[in-house]
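Can you build the whole structure from these sequences, using the hints too?
Next come the chains, spelled out residue by residue.
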Amino acid sequence: QKEVEQDPGPLSVPEGAIVSLNCTYSNSAFQYFMWYRQYSRKGPELLMYTYSSGNKEDGRFTAQVDKSSKYISLFIRDSQPSDSATYLCAMIIQGAQKLVFGQGTRLTINP
Amino acid sequence: GAGVSQSPRYKVAKRGQDVALRCDPISGHVSLFWYQQALGQGPEFLTYFQNEAQLDKSGLPSDRFFAERPEGSVSTLKIQRTQQEDSAVYLCASSLATQPRARYNEQFFGPGTRLTVL
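As given, the protein sequences belong to chains L and Y, one line each in that order. Position one of the first sequence corresponds to residue 1 (the working numbering), numbered consecutively onward. Position one of the second sequence corresponds to residue 1001 (the working numbering), numbered consecutively onward.
The reader is advised that the hints may include incorrect statements.
Claimed, not checked - Pairs of lysine-lysine, DSBU-like flavour, derived with a Cα cap of 30 Å:
1. Y:LYS1011 / L:LYS42
2. L:LYS70 / Y:LYS1057
3. Y:LYS1078 / Y:LYS1011
Don't read these hints as lab results, they were simulated from the structure. Only a predicted model underlies this, so the values are computations on that prediction, with no experimental measurement involved.
See below:
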């Protein structure tokens, strides 16, 4: 079993919908939780990160971390066709260097 | 400013050939990472450099994989005697410093090199 599990989708929703993306993890040592967005044939780019449990909001994006359940979420409000991409959750142990990624969820926003 | 660049962007190799993939990190970035991303999967860690020192190579799948960063800037990932299972996108990332305890040092990714082994 992988350390980080993410539903690969694909997920297809109409423009304007609220999108919920989720990951679960098994290693309780993870302290930093990231969401990366990856467009086709591009490298991942950081959307948001949170430290430990809690919520963080940035424009249309909200990241949630529930360490007691080992569960993280990314919500996208008022989704746009330009949000169509693969979304990767990633985690890192405090003091460690390497990112541990989920499988990625492929998201399509239909106009 | 310029981001992380990688070359070549695409590489086709016959099984058994050796390949070399290059990464130019963001200028001044101390840390450099290589990840392997198979089709439909998330990136998986291969190796990590702090300046010219390779501090973690625990993710390299076999001794056919070798990475170097001799002057603490450009890095090369070499794969000897390529196999079909080596087909993947190889991503390079760099960050300004080593991971501190107080916050996350963002890893900036290059566009990757797509390797196809026939």
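Next item on the list: Decide if the proposed pair is consistent with the structure: LYS1011 of chain Y and LYS42 of chain L, CA atoms, cutoff 30 Å inclusive.
Entry: The hint holds at about 16 Å.
Check: Regarding the pair LYS70 of chain L and LYS1057 of chain Y, is the alpha-carbon distance no greater than 30 Å?
Finding: 27 Å, holds
Check: Are LYS1078 of chain Y and LYS1011 of chain Y close enough, with their CA atoms no more than 30 Å apart?
Finding: 13 Å, holds
The structure shown violates none of the earlier numbered hints.
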